[in-house]
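Novice: Here is how the chains run, residue by residue.
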Amino acid sequence: MARGQMEILGLAIIVVLIMLGVLFAVMFVLRAPASNVAQEYKESQLAASLITAMLGTTTPCNDASVTELLQDCAVLNRLECPAGDSCAQAQDAIGQMLAGTLETWKRSYQFSITGAYNVEQLTFASGDCSGERESSTNPVPTPGGALQVRLDLCR
Amino acid sequence: MAVRGQLEIQFNWIFILVAGAVILGFFFSIIVKQQNVSEQKLAISLVNELDAITTGASVAKGAAQRLDLPKAGIDFACSSECTCSFSIGKVSRDFKDKLLFAPKRIEGDDIVFWTLDWKIPFRATNFLFATNERIKYFFVTDDSQESQQLKAKVQALIPEQVNADFITLADVDCNTNPECVRNENYVQVKLVFLNIDPNFGGLQLHESFSDTTISAALITPDYVNFYKRKNLRSQEFDAARAYYVGDAGLFASIFAEDEQMFRCNLQEASRKLGYVSKVLADRMEVFRGDAELIAQGCPYNPGTLDAIRTLAVSQASALNADVLVLRDHASTLNIENEALLRQSCPTLY
Amino acid sequence: MPDPLLNRGQVKMFETLAVLVVFFFFLIFGASFYFKLQENSLMRELDKTGQLRAIQVSQKSLHLPELDCSFVNVQRDNCFDILKAQKFGALVTADENALIEYFKTFEYSTLTVYGVYPVPSTIVLYDRQRDGSVTVLQIPLLLYDARQGDYGFGYLEVKAYG
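Chains as they are written, first to last, in my numbering: chain P, 60 to 214; chain F, 6 to 354; chain W, 1190 to 1351.
Please keep in mind that the hints were generated in silico from the structure rather than gathered at the bench.
All clues given are correct.
Cβ-to-Cβ under 8 Å is the rule here; a few derived chain W residues that face chain P:
no., residue
1, K1237
2, L1241
3, P1329
4, Y1340
In silico DSSO-like cross-links for lysine-lysine, where the CA-CA straight-line distance does not exceed 30 Å:
no., chain 1, residue 1, chain 2, residue 2
5, F, K158, F, K66
6, W, K1293, F, K95
7, W, K1293, F, K76
8, W, K1249, F, K95
9, F, K66, W, K1237
Which chain P residues face chain W? A few, computed with CB under 10 Å, are given here:
no., residue
10, L70
11, I110
12, A112
13, M113
14, T116
A quick note: this is a predicted structure, and the numbers were derived from the prediction, not measured.
Quick reminder that beta carbons are idealized off the backbone N, C-alpha and C, glycines included.
Given the sequences, and given the hints that come with them, work out the whole structure.
Specialist: What follows is the structure in structure tokens.
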């Protein structure tokens, strides 16, 4: 092959190599995920702080907190409340709080309590929860064993 | 023809040299510019991270935290107009709302942050202290009651991550004690005299301190004198006095680089105290107008909170000995608050 | 008859120039790509800084003595005193010096407390807006009323402007 042709071929190979390099660089940059620090922070503290705040809230039922309502609902069911009994009052309170927060923000979630038959009827859910979840569980002590209050935030 | 050929070769070489020099010069200039940009970018990133870390540290009360330190070290300074900032390399950032007490420069592998509430008697703000193991604090005490009380207070609160020792005057003075303290690879040393007159003229420090950055402070139950060595190797110190209130104020005088940093931060703290006491006073007015609380006989007295607020506002402009009166008001407010607690009334704080 | 030596020289010169042209073309092409990538990276960094600032504002507000629930100097986490919040919001609105002072803490942001249960309510604590990106955070809270000694439920909404 003539020398000139070989030099042109060399130049063409360099052009191809550079193009490949640029292509890889562009792919790498386009694939890099955008920073989501705020979302990660929000997810990590939302479920836990929501449960803690809900359990500490005072209700119109003799100024009992939601924790106290759940304890009464689970074991004795003695309290008489504006909404009926302690279970109904807890249902009403938790429902309003979840509606005013997660449902207003259009977040999918599942809320449940385990540990006693009465409280296991208190379940709330909204949206599609088939994907990843951020969960938090809080124990509520009762004479018959601890209740587990669980909130799953779905993505 | 041969001459022409020779000329062509020489011209070719000249052309190669010139073109090569231009290309190399072009790339070198890009490299140098990029290096500067990268260094600045790194410094900005570090300053941002440190800003976030100090925010987190200032709200995390109690335990001291040890964190990695950038190799460039961190410089802290407050100007005479009370613009306080920290800087890494050429990039600096204002303290903004943080009340940070630190030496002029911290360098090494890590930095220790510690937060303490400033309570007068309610929490008005948090003080943030910074140091590391390469900065040594010698607390010099004697047998007097005030000195021992100050020592007990410091010992009870100071975290173990702070490199501190409690010694006597004899341990400092090499004239009288051949076993006097010496420099063990400390970058900075602070001598804190707890209610003892330093008398620098009569003190002889060990020669290992001759090239060390040394500062000193005299702390009494009411005020602090900041001493700065006139120059390296000098045995003479310049003095500046300031007044402090509260345990956090005491530690502020220990960790602050100089009187300027201490005063600027205490003035800002007083400003915050003014706003906090205003909010508490307005809240108390609600209690005073509440029919149920009136019927209960809850004793709400606006005088003390107003006095704290007035004093705090004045100290925010100029810190002086009047700040000590805050202690009396704090004590009175504490008594009033306890009375409310005993009567099951909503407390002031 | 054309001088073959001259032609050869011209061809060589042309070849050298062609290589240089292609070289500088790639240099400019590469440089523009590089600076575009740098710009992209910087925009992401700015966005991350904006988000970090929102988190910092929310952390600071949750620990402010002007807002927190404290009982004889013992603070309760994730709780605002509703009376303090009302008075603080009123102070910042009415007093320009207070607005300037708290700008150091909150910068360009809007802080609003929403009461959800038992009684809905809204308190604007601080409001200083500007154009640009917005990062929004919601933090559930207890809202303590010292008069009755009871806790309501609500959340703090922080909008930080980039």
